[in-house]
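Trainee: Sequence:
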Amino acid sequence: MLTEDETRFLEYWELNREKEGSTLRQISLSLPFGLVFALPVLIAVLFHGWYKNMIYISNSQLLVIIIGVIAVAFFFALIRGKVKWERNEQLYKELKYKQSRQDHQD
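Numbers in the working numbering are just positions in the sequence shown, counted from 1, shifted up by 4.
Source of the hints: derived by calculation from the structure; they are not laboratory data.
Fair warning: there could be bad hints in the mix.
Calculated lysine-lysine pairs in the PhoX-like style (CA-CA distance at most 20 Å, straight line) [as the list claims (entries may be wrong)]:
(1) K97 <-> K23
(2) K23 <-> K88
(3) K100 <-> K88
(4) K86 <-> K23
(5) K97 <-> K86
Simulated restraints, written as ranges between beta carbons of each label pair [to be verified]:
(6) G25 <-> N57: 43 to 53 Å
(7) V49 <-> Q109: 54 to 64 Å
(8) Q65 <-> P36: 22 to 32 Å
(9) P36 <-> T7: 24 to 34 Å
(10) E10 <-> I71: 36 to 46 Å
(11) N63 <-> E8: 49 to 59 Å
(12) R91 <-> Y60: 41 to 51 Å
(13) Q65 <-> P44: 17 to 27 Å
(14) L82 <-> L50: 19 to 29 Å
(15) P44 <-> Q103: 41 to 51 Å
(16) L39 <-> R105: 35 to 45 Å
(17) K23 <-> Q65: 38 to 48 Å
(18) I83 <-> K23: 13 to 23 Å
Just so you know, even glycine gets a beta-carbon here, dropped at the ideal spot from N, CA and C.
Sequences and hints are given; from them, build the entire structure.
Mentor: What follows is the structure in structure tokens.
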């Protein structure tokens, strides 16, 4: 027998699975987490002058590092969104199977 939470998830996912499957939506929902993931590196690079014995980073190197950090944040967000969607899709299929078995037993 499906619990109330499982039933609510099935209803939600049936209505929103196509919308949630959009790559742009996945990225937009996960990008803040990607930026939080990359933020410490970005802060360390931007404030690279605080430690005087650190090697010199030129402006072009700084730009490449910033672009790299933003790319890492973007791909982290993309992968996180895809994994989250796949996890929800798998749960949906399992609950549908459980529901169909329950219907056949009744």
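Trainee: Next step is simple, just say for each hint if it's right about the structure.
Mentor: Right, here's what the structure says about each hint:
no. : hint                     : verdict
1   : K97 <-> K23              : 17 Å, holds
2   : K23 <-> K88              : 13 Å, holds
3   : K100 <-> K88             : 18 Å, holds
4   : K86 <-> K23              : 13 Å, holds
5   : K97 <-> K86              : 16 Å, holds
6   : G25 <-> N57: 43 to 53 Å  : 50 Å, holds
7   : V49 <-> Q109: 54 to 64 Å : 60 Å, holds
8   : Q65 <-> P36: 22 to 32 Å  : 27 Å, holds
9   : P36 <-> T7: 24 to 34 Å   : 31 Å, holds
10  : E10 <-> I71: 36 to 46 Å  : 44 Å, holds
11  : N63 <-> E8: 49 to 59 Å   : 58 Å, holds
12  : R91 <-> Y60: 41 to 51 Å  : 45 Å, holds
13  : Q65 <-> P44: 17 to 27 Å  : 19 Å, holds
14  : L82 <-> L50: 19 to 29 Å  : 24 Å, holds
15  : P44 <-> Q103: 41 to 51 Å : 44 Å, holds
16  : L39 <-> R105: 35 to 45 Å : 43 Å, holds
17  : K23 <-> Q65: 38 to 48 Å  : 41 Å, holds
18  : I83 <-> K23: 13 to 23 Å  : 20 Å, holds
Checked against the numbered hints above, the structure violates none of them.
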